[in-house]
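Chemist: Chain by chain, the residues:
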Amino acid sequence: DQQVKQNSPSLSVQEGRISILNCDYTNSMFDYFLWYKKYPAEGPTFLISISSIKDKNEDGRFTVFLNKSAKHLSLHIVPSQPGDSAVYFCAASLNYGGSQGNLIFGKGTKLSVKP
Amino acid sequence: EPEVTQTPSHQVTQMGQEVILRCVPISNHLYFYWYRQILGQKVEFLVSFYNNEISEKSEIFDDQFSVERPDGSNFTLKIRSTKLEDSAMYFCASSSETTDTQYFGPGTRLTVL
Numbered sequence: 198d199q200q201v202k203q204n205s206p207s208l209s210v211q212e213g214r215i216s217i218l219n220c221d222y223t224n225s226m227f228d229y230f231l232w233y234k235k236y237p238a239e240g241p242t243f244l245i246s247i248s249s250i251k252d253k254n255e256d257g258r259f260t261v262f263l264n265k266s267a268k269h270l271s272l273h274i275v276p277s278q279p280g281d282s283a284v285y286f287c288a289a290s291l292n293y294g295g296s297q298g299n300l301i302f303g304k305g306t307k308l309s310v311k312p
Numbered sequence: 004e005p006e007v008t009q010t011p012s013h014q015v016t017q018m019g020q021e022v023i024l025r026c027v028p029i030s031n032h033l034y035f036y037w038y039r040q041i042l043g044q045k046v047e048f049l050v051s052f053y054n055n056e057i058s059e060k061s062e063i064f065d066d067q068f069s070v071e072r073p074d075g076s077n078f079t080l081k082i083r084s085t086k087l088e089d090s091a092m093y094f095c096a097s098s099s100e101t102t103d104t105q106y107f108g109p110g111t112r113l114t115v116l
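Residue numbers (the working numbering), protein chains in the order written: chain A, 198 to 312; chain B, 4 to 116.
Mixed in with the good hints there might be a few duds.
Quick list of the computed label-pair ranges, beta carbon to beta carbon [as the list claims (entries may be wrong)]: (1) A/Q200 - B/I23: 29 to 37 Å; (2) A/I250 - B/V27: 46 to 54 Å; (3) A/P206 - B/I23: 43 to 51 Å; (4) A/A238 - B/E21: 36 to 44 Å; (5) B/S58 - A/S249: 20 to 28 Å.
Derived from the structure by calculation, the hints contain no laboratory data. From the three backbone atoms N, C-alpha and C, an ideal C-beta is built for every residue, glycine too.
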């Protein structure tokens with residue numbers, strides 16, 4: 198039961214270039230999507246979110262794009278920095294605002310940004 | 004910046020023993036959650052809690068699990084009789100009615116021997 202899929206387990210990018218992390222989902226009822234970043238031995242850290250009524254949300258170096266017809270979202274990091282090296286999780290929720298809906302996570306993509 | 008805290012950071016227990024994992028959510032948050040991540044697997048939802056009762060629970064959250072908000076600040080997860088397969092990282096999270104985002108604690112690593 199993989200309602201949220203991150204098909205790339207790892208991604209390696211050169212410092213200064215763009216990192217693009219992808220996520221696909223199967224449940225068209227999902228209405229809120231989030232990206233979390235996780236370092237080893239730490240909890241997930243919230244990065245950026247988007248509701249299903251939007252197709253783009255930007256926060257500094259991070260931009261999330263949502264393509265509802267394709268049930269696909271992506272996280273763009275530009276420019277990438279070595280400190281961005283971590284595991285990135287995509288998560289989806291059935292209620293707008295995760296306040297009541299539980300989050301369904303993908304398996305994560307390990308990003309390595311090389312100096 | 005306010006954050007979710009969890010104690011202990013690492014708990015080792017014998018199979019069949021009871022464990023209590025503790026969390027202090029962000030102070031003005033009203034929704035509380037427990038998730039777990041078995042090594043090498045996804046982060047999985049266990050339970051959500053609002054207004055002193057369980058809002059939603061997954062099939063993982065069976066009769067061996069319970070949650071409680073014993074006072075105005077703590078939120079606990081109890082596993083009554085631990086099994087080997089309960090070994091995992093357990094994450095607490097909280098959210099408010101306005102942020103629409105769940106904020107996670109650093110986790111408790113539970114090792115069942």
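Chemist: All hints, please: hold or fail.
Modeler: Results of checking the hints against the structure:
A C-beta distance of roughly 31 Å is found between A/Q200 and B/I23, which places it inside the suggested range of 29 to 37 Å. The given range of 46 to 54 Å is broken by A/I250 and B/V27, whose C-beta atoms sit roughly 34 Å from each other. Checked against the given bound of 43 to 51 Å, the beta carbons of A/P206 and B/I23, roughly 34 Å apart, lie outside it. For the pair A/A238 and B/E21, the beta carbons lie near 25 Å from each other, so the given range of 36 to 44 Å is not met.
Evaluation of the 20 to 28 Å hint for B/S58 and A/S249 yields a pass: the beta carbon distance comes to about 21 Å.
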